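2 protein chains.
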Amino acid sequence: MANRTYTVAVAGATGAVGETMLRLLEERNFPVRRLKLLASERSTGKSLTFKGEEIKVERLDDGSFQGIDIALFSAGATRSQEFAPAAVKAGAVVIDNSSAFRMQSDVPLVIPEINPDAIAGYQARGIIANPNCTTIVMLMPLKPLHDYGRVRRVIVSSYQAVSGAGAKGIEELRRQTLAWARGEPIEVSAFPQQIAFNLIPHIDTFQPNGYTKEELKLVFETRKILGDESIGVSPTTVRVPVFTAHSVSMNVETERKIGVDRAKELLSKMPGLVVIDEPEAGRYPMPIFAAGKDDCFVGRIREDLTNDHALNLWVVGDQLRKGAALNAIQIAELLVDRYL
Amino acid sequence: MANRTYTVAVAGATGAVGETMLRLLEERNFPVRRLKLLASERSTGKSLTFKGEEIKVERLDDGSFQGIDIALFSAGATRSQEFAPAAVKAGAVVIDNSSAFRMQSDVPLVIPEINPDAIAGYQARGIIANPNCTTIVMLMPLKPLHDYGRVRRVIVSSYQAVSGAGAKGIEELRRQTLAWARGEPIEVSAFPQQIAFNLIPHIDTFQPNGYTKEELKLVFETRKILGDESIGVSPTTVRVPVFTAHSVSMNVETERKIGVDRAKELLSKMPGLVVIDEPEAGRYPMPIFAAGKDDCFVGRIREDLTNDHALNLWVVGDQLRKGAALNAIQIAELLVDRYL
Chain A
1 MANRTYTVAV
11 AGATGAVGET
21 MLRLLEERNF
31 PVRRLKLLAS
41 ERSTGKSLTF
51 KGEEIKVERL
61 DDGSFQGIDI
71 ALFSAGATRS
81 QEFAPAAVKA
91 GAVVIDNSSA
101 FRMQSDVPLV
111 IPEINPDAIA
121 GYQARGIIAN
131 PNCTTIVMLM
141 PLKPLHDYGR
151 VRRVIVSSYQ
161 AVSGAGAKGI
171 EELRRQTLAW
181 ARGEPIEVSA
191 FPQQIAFNLI
201 PHIDTFQPNG
211 YTKEELKLVF
221 ETRKILGDES
231 IGVSPTTVRV
241 PVFTAHSVSM
251 NVETERKIGV
261 DRAKELLSKM
271 PGLVVIDEPE
281 AGRYPMPIFA
291 AGKDDCFVGR
301 IREDLTNDHA
311 LNLWVVGDQL
321 RKGAALNAIQ
331 IAELLVDRYL
Chain B
1 MANRTYTVAV
11 AGATGAVGET
21 MLRLLEERNF
31 PVRRLKLLAS
41 ERSTGKSLTF
51 KGEEIKVERL
61 DDGSFQGIDI
71 ALFSAGATRS
81 QEFAPAAVKA
91 GAVVIDNSSA
101 FRMQSDVPLV
111 IPEINPDAIA
121 GYQARGIIAN
131 PNCTTIVMLM
141 PLKPLHDYGR
151 VRRVIVSSYQ
161 AVSGAGAKGI
171 EELRRQTLAW
181 ARGEPIEVSA
191 FPQQIAFNLI
201 PHIDTFQPNG
211 YTKEELKLVF
221 ETRKILGDES
231 IGVSPTTVRV
241 PVFTAHSVSM
251 NVETERKIGV
261 DRAKELLSKM
271 PGLVVIDEPE
281 AGRYPMPIFA
291 AGKDDCFVGR
301 IREDLTNDHA
311 LNLWVVGDQL
321 RKGAALNAIQ
331 IAELLVDRYL
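Top line first, the protein sequences correspond to chains A and B.
Under UniProt numbering, the first residue of the first sequence is numbered 1, with each subsequent residue one higher.
Under UniProt numbering, the first residue of the second sequence is numbered 1, with each subsequent residue one higher.
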């Protein structure tokens, strides 16, 4: 396959994740023969640049996928549900960034550093699902701790950037902050409440048990990706006025005691994860530092003062990169490397 | 004591907490006969308004407290250590907002809604300590849950406003945000890192066990105020780009199972605490809503999916009011009501 090249479609190309996918396909020199950019009616006619070439954005429809090898979807769950079947029917493998197929038993849910072999399951449906952005950031450090000590329970509070709501989320924080700076009234549209200088403990819709869908994604996706239905996750997700990197504060309880030194050793060997934990020198992970980077960052690694089989961690990762576009492109790389 | 009035000094009068103390002494019609405003050299000569009168700010020194009944200190731990003894010697009762005396066994640490009777201990040293701002916000809901179910373990992640660093913290977020809006470089001075559009998992100094002093305050102050050394607290404190209200995400494990319905009932009876928990109607506590209010707010009350003896809560309270100035004034009210 060394010199094979692929026809790639990006559905949702004009969104924040879609545009990051384009940048990553360039940066990582993915073997693209032809790139097709797809979006809803509203964005067709726009052009985007790929390797110095202008490519026109075309309207996403059932006929979009003729001759496509790999279809990267990031246009929301509704569009994935509507158009992924047509892409598969046309012969493409779909890598879907939405929540539409993640929990379906015949669709693999993959973080390449964690469960690369799960990708084999793509042949059942022709679809591979990309996990939720916060799930990915949270699992990068959980995986090596789970392999060593078997994770029993995770209590996680998130600090999620506005990019998680796409380009309109980024624009909303920008607009609200500028309105504040000019002394103008602040208008709310992308989020349920003002996000500038505020916190919103509400991401995705509420379920009857009081948790949001976003929170339950952390529970169920964690179990599926780590392949262990006995892991308990107790989540609280919160939107914060930060542009593009998600952070989580996690308490991780394991069956086997790990301890700080061993944890640092395990975490520092995890591909795609960097330990930054020299707090007295002012070095710990932060969103403004993680934004634009491919790696996730973990620090503030401490033994839980109340349970010697638990650790506290602080993890930060770019939501658009490892939390979304990068993970999808890594899945595509794995796919062409092993199967196409 | 009905008609008695008191001479009151505010040390640190020009700070964010000091100015809020003045507003609260007015709002609550505290029986002030004479008000003395004290600050460091830098602020002397300034004037502040109290009940329509201009009062000059005087230099804080050992001679400042002659004839003072109640000295409210909010000028930092160093100044409290330096000048509180002189205030006590001059006959004043000191109510100290700093961390200087909080953990001393002969100094009461008081939240009036929680442990009002502890105030009696003030006679030993003439000092009453006001708890850390995040401790107060966290304990307002913990108290009724502890009384009912005995709290065993709290895993808490904070989302702390810049006002926790005083007027200079507020000014730093304002200045950095305006610089961003104008496309100018962002300068860092009050916090160890940029706070605009960022999160800083670093409040107060780091200790050898990897926790910050701020985090350990939550551990030790909780035990002292609730009078139970067996309560475990596992804390992570984070500064967020919010102006004046602190938020905490807490997982609370109790000996006796409480459940959501009972928890709501217990929490709604707690004075100074308001339950806002109609998430499907978009009603949950948020910093922009809590800022400027005296009450603390709790919502997102959920049973922990991993432990039926634990609950997840989201709590928000104005850091300058209940987290600092209001609690201090409430202590003063209790003091004059019971002892002076």
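Bear in mind the hints are in silico, worked out from the structure with no lab data behind them.
Any given hint might turn out to be false.
[To be verified] In silico EDC-like cross-links for lysine to aspartate or glutamate, where the CA-CA straight-line distance does not exceed 16 Å:
hint : chain 1 : residue 1 : chain 2 : residue 2
1    : B       : 213       : A       : 280
2    : A       : 213       : B       : 280
3    : A       : 168       : A       : 147
Please read these numbers as outputs of a predicted model, since none were measured by experiment.
Hint check:
| no. | hint | in the structure |
| --- | --- | --- |
| 1 | B/213 - A/280 | 12 Å, holds |
| 2 | A/213 - B/280 | 12 Å, holds |
| 3 | A/168 - A/147 | 38 Å, violated |
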